[in-house]
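Each protein sequence line maps, in turn, to chains A and B.
Just so you know, we're using full-length UniProt numbering here: the first sequence kicks off at 1 and counts up by one.
Just so you know, we're using full-length UniProt numbering here: the second sequence kicks off at 1 and counts up by one.
Take the hints with a grain of salt, since some may be wrong.
Since the list can't tell identical chains apart, any single copy or any two copies may satisfy a pair.
To be verified - Derived DSS-like pairs: lysine-lysine, alpha-carbon spacing no greater than 30 Å straight-line:
#: 1; residue 1: K263; residue 2: K166
#: 2; residue 1: K111; residue 2: K148
#: 3; residue 1: K185; residue 2: K148
#: 4; residue 1: K179; residue 2: K148
#: 5; residue 1: K256; residue 2: K166
#: 6; residue 1: K285; residue 2: K148
#: 7; residue 1: K263; residue 2: K148
#: 8; residue 1: K256; residue 2: K148
#: 9; residue 1: K134; residue 2: K24
#: 10; residue 1: K21; residue 2: K111
#: 11; residue 1: K63; residue 2: K166
#: 12; residue 1: K179; residue 2: K134
#: 13; residue 1: K256; residue 2: K179
#: 14; residue 1: K185; residue 2: K63
#: 15; residue 1: K31; residue 2: K185
#: 16; residue 1: K28; residue 2: K111
#: 17; residue 1: K63; residue 2: K134
#: 18; residue 1: K82; residue 2: K185
#: 19; residue 1: K285; residue 2: K21
#: 20; residue 1: K148; residue 2: K134
#: 21; residue 1: K256; residue 2: K134
#: 22; residue 1: K185; residue 2: K134
#: 23; residue 1: K63; residue 2: K263
#: 24; residue 1: K166; residue 2: K86
#: 25; residue 1: K166; residue 2: K179
#: 26; residue 1: K60; residue 2: K179
#: 27; residue 1: K82; residue 2: K24
Hints were generated in silico from the structure; no laboratory data involved.
2 protein chains.
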Amino acid sequence: MYRGASRYAGPDTACLIMAEKDWKECIKNLKGVVLDMCGVLYDSGEGGGTPIPGSVEAVKRIKASDLQLRFCTNETQATREKFVAKLQRMGFDISVSEVFSPAPATVAILKERNLRPHLLVHDDVLPEFDDVEKTDPNCVVVADAADKFSYQNLNDAFRVLIQLEKPVLFSLGRGRYYKETDGLKLDVGVYMKALEYACDVEAEVVGKPAPMFFQSALTDMGIQPQQALMIGDDLVNDVGGAQNFGMRGLQVRTGKYRPSDEKHPTVTADGYVNDLAEAVDIILKHRGQ
Amino acid sequence: MYRGASRYAGPDTACLIMAEKDWKECIKNLKGVVLDMCGVLYDSGEGGGTPIPGSVEAVKRIKASDLQLRFCTNETQATREKFVAKLQRMGFDISVSEVFSPAPATVAILKERNLRPHLLVHDDVLPEFDDVEKTDPNCVVVADAADKFSYQNLNDAFRVLIQLEKPVLFSLGRGRYYKETDGLKLDVGVYMKALEYACDVEAEVVGKPAPMFFQSALTDMGIQPQQALMIGDDLVNDVGGAQNFGMRGLQVRTGKYRPSDEKHPTVTADGYVNDLAEAVDIILKHRGQ
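Model the full structure from these sequences, guided by the hints.
As C-alpha cells, this is what we get:
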C-alpha cells in the first residue's frame, strides 16, 4: 500500500520521505495525532460540505486505538460550537473540547493582555467574542471576513490601528486563498498583508502555522512535539508549521493539495498519503493495531 | 523664517537638512521644480477639495520666475483632463500638458508590450483606458479604486492573475494612505500588497516613486535630476523617490505629513517647510527673485 524509497511517487502511491527505520521509530513513539479539518475530514462547499470518503471511519479508528486525538483548524467563519455541530451531522465522532480554533485562542490572548479589539471578522464568528470588552479599541483582530472585506470595513480597521502609538494587529491565520465549489477565494492572509503594509506593523498570527497554536493542542494532550503527528492538506501551514514546532507532518492528497506541493522549495512533508484513511491505515499497521 | 542647523525643528520653523552652502549651491543650479498636487496644492475632500492657503499664489510665482514647472501626481480617481479642470476651478494656473499622471503612462506601457488589462480602477479614470484592448486579459492594473475595492472585485482580479502562467500586475502608485477631509483613506499600495501576497508576484509600479515617472517629467523639461527639486507631502514616495532618482526633495508640512516623518528611519528630506508658499519664498529669495 505504500513504499519507503521513491520521493516523487505517483498520486496513487503513498510516499514516505523518512527512511523506513526512522518512520518505524516515529510511529512507535507516537502518543497523539493532530488533524486539520477542512480538506482532511471534509470538503467545504454549499450546504456546509461533504465528508471525504473514509474519513469518518478513520477518525473512529484513531479513537479506538491507544493514540490521543485533537483537531487544529484555522476555521473562522463560524463559532467552534456551530462548526463542530456541522461535523457531527456529517457523522464525525468529535466534540468541542477536542477542537482548537483561532477565535477562542485569540480571546484568551486578548484577556491576558487586557486588549480591547476592533473586530474585522465574519458575522458568524462574532459570538466567540461576546464577553470581550470592545469599547475604545486598542488593537485589531482580522479573520476571514469574506464579503465583509469591503473598502469601508478595511479602512475602519486601518483607522483604529494607525491612531495607536504602537499598533497591535492579530490575524487569525495567514492563508493566501482557499478553494470553494465556485472557485478560489482570497483568504485572511491577504488582508493581513494589506493592514501590515498600511500601518507598517507585523501581525501576530493566531492559528496555524504559529507554534503557540500547536502547543495548545499538545499541552491539552500532555505530550511533547516529537510524540505527535500532524496530518493536513496545507503543506506550508499544517505540515511546515508542525515541523517547525518539532512535530512530524504528513500531507494528504485531498483538499487544497496540489501535485507541485511534493516539489515545494522549502517544505518537505515527512510523507504524502492519498487521504486520511490511508494515513490511519499506515499508522495503525505500524503499531500492530 | 527658517534655519539651517537643527534637525528636529518645531512645526513652525522651516528646517533645511543640507548645510547652508550646499543649499545655496542647489538653489543656484536649479532649473526646474516638480510639484506633487494633493496635499501640496490642495486638500482633497467633498466637492473636490480646497486650495491650501498661499498655494495658488505660489504656483504663479514659480511660473513668473526663470524656473520651469511640472506637476507629478499619483492621482488616479479621475482622467487627467477632469483633474486639471478641477484645479483650474480652484484658481490654479495649470494645463494638462504640465501634468504627469500614472494612467496615461500605463496605457503607453500596455500598448508597447501588447498587454490586455483587467482593470481594478476607479470608474472615473476608466476613460483613460478607452482605446486599450481588454478582452481575454493577460495582466491586471490596479489603481486607487476606493469603494470599488470590494471583496468580490479584489477576488476577480486575483483570479485573473492566478490563472496566468506568469502573473503581471501593474500598480498605479504604491501609497499606503492619504488624507481626505473626513479622515485617512487606504491607498492603492495596500491592495497592491494584497494581490502580491495572494499570487506571490511583485507588482510593477507606475507613478511615484518609480524613477521612470520622474524621468518623464524631467525629459519634458529637458533638464537633469540634479537641476530639479521635488516638493511633496509624501516623504517616501515624493521625496524619497525623487532623491533615489538624483533630485533634491523638500517635504511640506501639509497634506499627509506627520511629525514622525522628520525622524523617519530611511528617508530624510533635504528640507522640511510648512507649506508650498514657504518653499517658494525660500527658493526665490535664494535666487534673488
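*State the violated hints by number, sorted upward, taking the hints as numbered earlier in the document.*
The structure breaks hints 6, 7, 9, 10, 11, 14, 15, 16, 17, 23, 24, 27; every other hint is satisfied.
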